[in-house]
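Colleague: Make a model of the complete structure from these sequences and hints.
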Amino acid sequence: MSGPAEHDPHALTPEAFRAEVHSFEFWFGAVQGYLADRAYGHRVDAKDAAPEGADRDRLVTALCNYCVGETAALEGAGGLIEVAPNRPTKIFLSTQAVDEGRHLEVLIHRLRELGVEDPEAEIARRANPSLLAFKRRLLELVKGGDWNAALFAQNVILEAMEFAVFHQHAAEADPITREVLEGIIKDERRHIGFGENELGRRIKADPGIRGHLALVRRELDALVLETFEEALASLGAPASAREDLGRSYRQTVERLGFA
Amino acid sequence: MSHEPEVPRKRYELEDTGFDEVPRKYRKYYRRWGGESDELAGNEVLCPVCKVVVRSNREVREGDRIYCMACMTRLRVVRVDGRLEGHVEY
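Protein chains in written order, with my numbering: chain A, 1 to 259; chain B, 1 to 90.
Source of the hints: derived by calculation from the structure; they are not laboratory data. Even glycine gets a Cβ: it sits at the ideal position worked out from N, Cα and C. It is possible that some hints are incorrect.
[What the hints assert, rightly or not] Distance windows between CB atoms, simulated:
(1) A:G53 to B:Y12: 43 to 53 Å
(2) B:V78 to A:D206: 19 to 29 Å
(3) B:R32 to A:D146: 29 to 39 Å
(4) A:F24 to B:E13: 26 to 36 Å
(5) B:D81 to A:A39: 39 to 49 Å
(6) A:R210 to B:R24: 35 to 45 Å
(7) A:R247 to B:G42: 20 to 30 Å
(8) A:D118 to B:D38: 37 to 47 Å
(9) A:K204 to B:G34: 31 to 41 Å
(10) A:G208 to B:R32: 38 to 48 Å
[Stated by the list, open to error] Under the rule of at most 20 Å between Cα atoms (straight-line distance), these lysine-lysine pairs were calculated in the PhoX-like manner:
(11) B:K51 to A:K186
(12) A:K186 to B:K28
(13) B:K10 to B:K28
Modeller: As structure tokens, then:
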């Protein structure tokens, strides 16, 4: 027999399900599963086999740009707490802000492990101008209190592309970078799902929102797509990987009703 | 008008497969997807949002509603080209 004693998630009402997965308690139980035995995102005893020469340089550039994306997401998620329309979404965003802060910290730590003495300076030097432009615009949307547009830019455009790129990169990365990226991917599942579902519900209630979000998409998604396609190309990913990136992102926006 | 009696659903005993992205009490209801060659059992549906396999302790059928806790998505089970798929329901 299935029942509450078995904690069958499929027996929950939609309201009870949302309350459960948006809670800090759920987040805590989730991250304990894959972070409890880690330090800075990887197993303490994991052997480093970092690339050298030009490959190392390309990895540093990719990680620096991931740091730009994660900083945008950290500042965005933090700012959105004030804008969020209700208490459960504010609580969820507080867990997302913690996740984004962790991502930034483990990526900077990885840069140091790769021999980068001043990660902040290196990030400033290697940051892709398109990604910086995206970050500026995202934070303008957050400051303007435009919940729908800011959430779309951050949790759909940025997070969906990061999710796809980190997947592709992790498959080819050295063992420690792979562990760091895999931990981030596990967090990103919650962020992309939250964004898509929250916006999906709002569009269902008011289809007129879609027109406004289409303008945001037209302005911003090329900036992020260009950055991450470049990152994958520089890491030597095959053309099929770059096509996968575009396809994964398109599937998300198509589900939300954008052709 | 006659109705065919519904065939009872097959039951499944779920075991923890090492999926570690949800709190322990929910882990057996999910597993990692092994890619295109991964054949899903009668109690499993792939989440289209985050590509995790969602599992039930009974056979899933068209019209069922199930949840992916890894990405917080509600799914409706639909039949497409003879195969059961999870479609997002906002």
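Colleague: State for each hint whether it applies.
Modeller: Here's how the hints hold up against the structure:
1. A:G53 to B:Y12: 43 to 53 Å: 51 Å, holds
2. B:V78 to A:D206: 19 to 29 Å: With a Cβ separation near 25 Å, V78 of chain B and D206 of chain A satisfy 19 to 29 Å, so the hint holds.
3. B:R32 to A:D146: 29 to 39 Å: With a Cβ separation near 37 Å, R32 of chain B and D146 of chain A satisfy 29 to 39 Å, so the hint holds.
4. A:F24 to B:E13: 26 to 36 Å: 32 Å, holds
5. B:D81 to A:A39: 39 to 49 Å: With a Cβ separation near 47 Å, D81 of chain B and A39 of chain A satisfy 39 to 49 Å, so the hint holds.
6. A:R210 to B:R24: 35 to 45 Å: Holds: the Cβ-Cβ distance is about 39 Å, inside 35 to 45 Å.
7. A:R247 to B:G42: 20 to 30 Å: The hint (20 to 30 Å, Cβ to Cβ) holds, given that R247 of chain A and G42 of chain B are roughly 28 Å apart.
8. A:D118 to B:D38: 37 to 47 Å: 44 Å, holds
9. A:K204 to B:G34: 31 to 41 Å: 33 Å, holds
10. A:G208 to B:R32: 38 to 48 Å: Distance hint for G208 of chain A, R32 of chain B holds at roughly 39 Å.
11. B:K51 to A:K186: 11 Å, holds
12. A:K186 to B:K28: 17 Å, holds
13. B:K10 to B:K28: 17 Å, holds
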